[in-house]
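*Asks:* Here is what each chain is made of, one letter per residue.
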Amino acid sequence: MATSLQSFISQLLPLYPELVIITIALTILLLDFFVDRQHKAMLGWYSLIGIVIAASMTIKLAGLAGSFFGGTFLLDPFAAYFKLAFYTACGLGILISMKYLDIEDIHRGEYYALMLFATSGMMLMASAGDLITLYLGLELMALSIYILAGFMRSDSRSNEAGIKYLLLGAFSSGIMLYGMSLLYGISGTTNLNGILAFLRGADLANPVLFLAMVMLIVSFGFKVAAVPFHMWVPDVYEGAPTSVTAFMSAGPKVAGFAVLLRIFAHTLLPMQDHTAVILAGMAVLTMAVGNIMAIAQTNIKRMLAYSSIAHAGYALVGLAAGGRDGAASVMLYVLIYAVMNMGAFGVVIMLRKAGVRGEEITDFSGLGKTNKAAAFLMLIFMFSLTGIPPMAGFIGKFYIFKSAVQAGMVWLAVVGVLFSSISAYFYLRVIMVMYMYEPKEEFSLVQSPALALALAISVTAVIVIGVYPSGVLEFARASIIGIL
Amino acid sequence: MVPLSWYVLLSAALFTIGVVGVLSRRNVFIILMSIELMLNAANINLIAFSHYLQNLTGQIFVIFVITVAAAEAAVALALIILLARNRGTVYVDEFNLLKG
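Just so you know, the protein sequences line up as chains A and B, in that order. Take 1 as the starting number for the first sequence in the working numbering and just add one per residue. Take 1 as the starting number for the second sequence in the working numbering and just add one per residue.
Isolated chain A, as found in the complex:
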């Protein structure tokens, strides 16, 4: 009996990071009863400890590559890379949340539990070796985030964001599921490697196969907010609590790209001729709509929502370029994007005070005079989002467009650079408002040690990756070898 239990526990070894995250989330739900309202931040620090433990386990397990549980769960450097990105997004998300939740008076333990459940869902998505695991991970992530988006129960805007996200998310899962069922019917397996093996010898002109592929692109287009499936993004980003918006713009988007890479750069690789054309078209549309619509926005959260659409477009360029370089550039880009976007939202959160929403771009007026440090941080994040060296955003875009040129899609790289220069207008406008406008009224910013730590981490990452990118780039390149 004891030996069978031991062997069971040792069989679970590849799942340890996920199990740690889920255990911490479940214990938070219990501990929540014993922690009084003023000390809920302790639960946040407790979940951060869990994330650090899980991260160290993921690093330890990186050497143990292989497929487990009948091929449904994969451990490879690719999954490890994305899991580390999810830990970063979740950790920064928790750090910037603590003070904000107090101000909004929604500091409840479930918040941290839901963040961790969402993270475990993303981790399953990155490790999925089977359509079933992929679907379950995706839904675990999505359901947690629907609740988080509607977390301000008494605020109609937050409710509205939650229900809009849920309806469109469930709609896109329905489309994805139908595509998966067709794929299963054609290939006779739900295993990703099995499907790849089947496609290598199959007749690719089959229209049903094409339909299944299009349905998968549509549904993941929803998840990463690619045009024309982006309608929900601005509304949901604006209505959701700002800390959730920050997490939502980083975590699920990175997870969506992990799955897109796994499916389109690995499983559906034999169909690359078809997928590359569709993905390139989507990339152009996404960059165009994201960058042009962002110009007209007056609300910073909406502006960052359109900017996140545009950034999905740049990442899609790398995906359309394909190959090892394309995939590595996408991996590098989504990590950089997650860090710099979390940083920008961290500064936006500082402007939130009781009674003042602090979400309009004009609320930044004169920030350069009243609070030099916060304004300077925002300046760095905005420069990075624009893609100005020596910030990390430049490195990300550079490798994306380089991979497009190398793949012979020079036109796509040119279009991308053109739209990227449009983006300078609305990012630099924030800087202009901060430094050239007079302060409207006396106001003090929200400050807390956790928020300062989050901003310090993201600004360090943005500058270090920007100045010395080869470390992360080599890591991304080495991670991709397993799947391509």
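Note that these hints are calculated values from the structure, not bench results. Accuracy of the hints is not assured; some may be wrong.
For the chain B half of the interface with chain A, some residues (derived, Cβ under 10 Å), not all of them [as the list claims (entries may be wrong)]:
hint : residue
1    : L4
2    : V8
3    : E72
4    : V92
Residues from chain A that keep clear of chain B, each with C-beta distances beyond 10 Å, as calculated [as the list claims (entries may be wrong)]:
hint : residue
5    : G63
6    : D105
7    : Y184
8    : P228
9    : I361
For every residue, glycine included, the Cβ atom is placed at its ideal position computed from N, Cα and C.
Got chain A; can you put chain B on it based on the hints?
*Replies:* Frame of chain A, contents of chain B only:
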């Protein structure tokens, strides 16, 4: 014996009804039901393929899909109750605080 194509046609019809329902209806409950139709269309596909391929994976997939659909309905209904309380409406075209 019912041929496979009948099942696939049935599921395609259900899926289409579901998509049209989501896109054209305004009552949030009907939209949810239409989404449910889409999921069940995929379920019929999976079970039919599983039967004709003599492969159990499809049926296992369906059990998971049904479970997730139940969880999704629970979250959706909770959010709808909140909206009905705060706004007093269940029509999606009146969810218009956020736009631009």
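*Asks:* Now tell me if each hint is right for this structure.
*Replies:* Now for the hints, and whether the structure bears them out:
no.	hint	in the structure
1	L4	holds, 9 Å
2	V8	holds, 8 Å
3	E72	holds, 6 Å
4	V92	holds, 7 Å
5	G63	holds, 30 Å
6	D105	holds, 16 Å
7	Y184	violated, 6 Å
8	P228	holds, 13 Å
9	I361	holds, 13 Å
Of the hints listed earlier, the one the structure fails to meet is number 7.
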